[in-house]
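Chains as they are written, first to last, in our numbering: chain A, 1 to 84; chain B, 85 to 478.
Source of the hints: derived by calculation from the structure; they are not laboratory data.
Keep in mind that a hint or two might mislead.
[Stated by the list, open to error] For lysine to aspartate or glutamate, the following EDC-like pairs were computed, each having C-alpha atoms within a straight-line distance of at most 16 Å:
hint	chain 1	residue 1	chain 2	residue 2
1	B	Lys247	A	Asp57
2	A	Lys61	A	Glu4
3	B	Lys382	B	Glu459
4	A	Lys20	B	Glu406
5	B	Lys382	B	Asp276
6	A	Lys61	A	Glu22
7	A	Lys76	A	Glu22
8	B	Lys247	A	Glu49
9	B	Lys403	A	Glu18
10	B	Lys247	A	Asp46
11	B	Lys302	B	Glu406
12	A	Lys56	A	Asp46
13	A	Lys76	A	Asp57
14	A	Lys65	A	Asp11
15	A	Lys8	A	Asp57
Quantities reported herein were computed from a predicted structural model and do not represent experimental measurements.
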Amino acid sequence: MSTELEEKVIDVIRANIENKYEVHLHSDLRTDLEVDSFGAIMIFNDLEETFGIEIKDADIKSIVKVADIVHLLATKYLQSADNL
Amino acid sequence: MKPSKVYESLAMDMSLADRAGFNPYYLKMVRGGRGELKVDQKGFFDLASNDYLGLATNPRIKAAMIDAVNRSGSSFCGTPIAAGYAAILAELESSIAGMTGLQAAVIFPSCYQANSSLFCSIADANDVVAVDHFAHASLIQGIRASGARIKPFLHNDTHHLEKQLAAAQSHRRIFVVTESVFSTEGSIAPFDEICRLCAQYNAIPIVDDSHGIGVIGKNGRGILEYKNIRGYDGIYTASLGKALANAGGVIAGRADFIEYLRYNCSGLIYSTALAPVNAGGLLASIAIILDEFPALGKQMWSNHAALVSQLTKAGFILKGGEAPIASIACGSPERTVTLAKRLFEQGILSTPFIPPSVPPEQGVLRLIIGAKVDEAAADTIARRIAALAGSGAP
Numbered sequence: 001m002s003t004e005l006e007e008k009v010i011d012v013i014r015a016n017i018e019n020k021y022e023v024h025l026h027s028d029l030r031t032d033l034e035v036d037s038f039g040a041i042m043i044f045n046d047l048e049e050t051f052g053i054e055i056k057d058a059d060i061k062s063i064v065k066v067a068d069i070v071h072l073l074a075t076k077y078l079q080s081a082d083n084l
Numbered sequence: 085m086k087p088s089k090v091y092e093s094l095a096m097d098m099s100l101a102d103r104a105g106f107n108p109y110y111l112k113m114v115r116g117g118r119g120e121l122k123v124d125q126k127g128f129f130d131l132a133s134n135d136y137l138g139l140a141t142n143p144r145i146k147a148a149m150i151d152a153v154n155r156s157g158s159s160f161c162g163t164p165i166a167a168g169y170a171a172i173l174a175e176l177e178s179s180i181a182g183m184t185g186l187q188a189a190v191i192f193p194s195c196y197q198a199n200s201s202l203f204c205s206i207a208d209a210n211d212v213v214a215v216d217h218f219a220h221a222s223l224i225q226g227i228r229a230s231g232a233r234i235k236p237f238l239h240n241d242t243h244h245l246e247k248q249l250a251a252a253q254s255h256r257r258i259f260v261v262t263e264s265v266f267s268t269e270g271s272i273a274p275f276d277e278i279c280r281l282c283a284q285y286n287a288i289p290i291v292d293d294s295h296g297i298g299v300i301g302k303n304g305r306g307i308l309e310y311k312n313i314r315g316y317d318g319i320y321t322a323s324l325g326k327a328l329a330n331a332g333g334v335i336a337g338r339a340d341f342i343e344y345l346r347y348n349c350s351g352l353i354y355s356t357a358l359a360p361v362n363a364g365g366l367l368a369s370i371a372i373i374l375d376e377f378p379a380l381g382k383q384m385w386s387n388h389a390a391l392v393s394q395l396t397k398a399g400f401i402l403k404g405g406e407a408p409i410a411s412i413a414c415g416s417p418e419r420t421v422t423l424a425k426r427l428f429e430q431g432i433l434s435t436p437f438i439p440p441s442v443p444p445e446q447g448v449l450r451l452i453i454g455a456k457v458d459e460a461a462a463d464t465i466a467r468r469i470a471a472l473a474g475s476g477a478p
């Protein structure tokens with residue numbers, strides 16, 4: 001069963017990709033969802049606005065799959081449930 | 085790092101060309117007859133260049149260029165702000181402003197230079213630039229260099245753009261950037277709706293009309309004519325090396341803003357001005373377009389329709405844009421370059437786009453037939469494409 005954070009992240013990604021592919025936690029941003037570097041900016045801009053946070057560029061570089069974003073947000077940026 | 089290691093790390097990976105047995109880039113070309121090029125002395129139909137109206141071999145333009153050299157020499161050997169602002173450049177600026185219906189224009193050595201240096205003159209970290217996801221690299225490089233907050237929006241998606249604009253209202257200046265015609269797939273921006281959103285959200289629209297000027301609109305005047313936009317209060321840029329068949333770039337708009345750029349845009353101030361030979365040719369190109377676009381445009385659209393029909397019959401999947409650009413969806417870089425090779429073997433030059441020019445696995449092979457060839461040549465091209473039936477669809 002997915003968590004509220006997982007659902008929110010998936011919703012943000014779905015709203016910011018050109019092709020309306022199914023988005024899952026195991027989806028690879030580049031190979032499954034065809035997200036290029038400019039597309040990634042769109043996704044992370046929206047995540048920042050949705051959660052009221054500022055994500056460091058260095059943290060974005062290691063992201064490969066959707067689950068990596070959920071893990072990053074949960075462990076580094078959203079320790080407080082108030083952000084959800 | 086040792087210099088040898090530096091150069092090693094900068095070496096080009098040519099494995100894709102090696103695997104395909106063909107490198108479609110940097111082919112050494114010699115101009116043949118109308119719509120024809122030669123590579124290694126073999127004749128090819130030119131479906132690769134952006135010479136939409138077939139003006140690159142026009143005798144009237146060639147004569148105008150020779151005349152400009154005779155009158156003004158090879159170069160004024162200076163920047164426009166100093167000794168390089170030839171009278172013929174001022175004449176060209178007026179001509180382009182008149183063609184597009186804008187107050188004033190300023191000429192750059194290239195559109196890449198115009199786009200990449202514009203944003204540092206108008207925006208900084210206090211500002212936001214919303215930009216179409218598929219905008220040209222020159223625009224993106226310029227926006228990034230300015231330090232402004234960059235907010236891409238989904239391609240031609242005005243709902244997504246409106247969301248970005250609503251979220252940007254606390255910033256000082258807001259700009260919205262798009263191309264008119266997206267040249268890899270031939271789609272055309274909903275620029276009338278974009279201008280309406282800009283007015284609603286106090287943003288300034290910026291459009292790159294490089295593949296629109298001389299191509300779209302009833303009289304070939306570009307995106308503003310095509311979308312029937314009057315009193316445009318935004319910024320306009322375009323390449324002069326596509327349908328206008330020459331070189332250089334332009335920024336046009338309000339007269340007071342263009343005057344500001346003349347003294348504040350480093351890409352203009354510190355570059356040697358466009359040579360008189362180019363300005364002379366461009367004046368002739370614009371005169372021809374204003375006089376003859378109905379006939380030239382008719383030939384361009386007729387050739388394009390025949391090409392699209394033949395490609396579809398042969399089983400290729402086209403991107404389906406509104407502009408006279410036929411883009412075959414190929415998928416992987418390997419498929420894209422391989423299809424370019426198959427066309428090359430049939431004597432047809434095309435333009436393959438692979439990442440990073442396009443998103444991953446969205447390779448495209450572009451064909452622009454324009455008015456470059458007559459009906460007999462278009463028939464020959466169609467027969468050669470028919471020979472490739474079933475070989476290109478991903």
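Against the structure, test the hints numbered earlier, and report the numbers of the ones violated in rising order.
Of the numbered hints given earlier, those the structure breaks are 1, 2, 4, 5, 6, 7, 15, listed in rising order.
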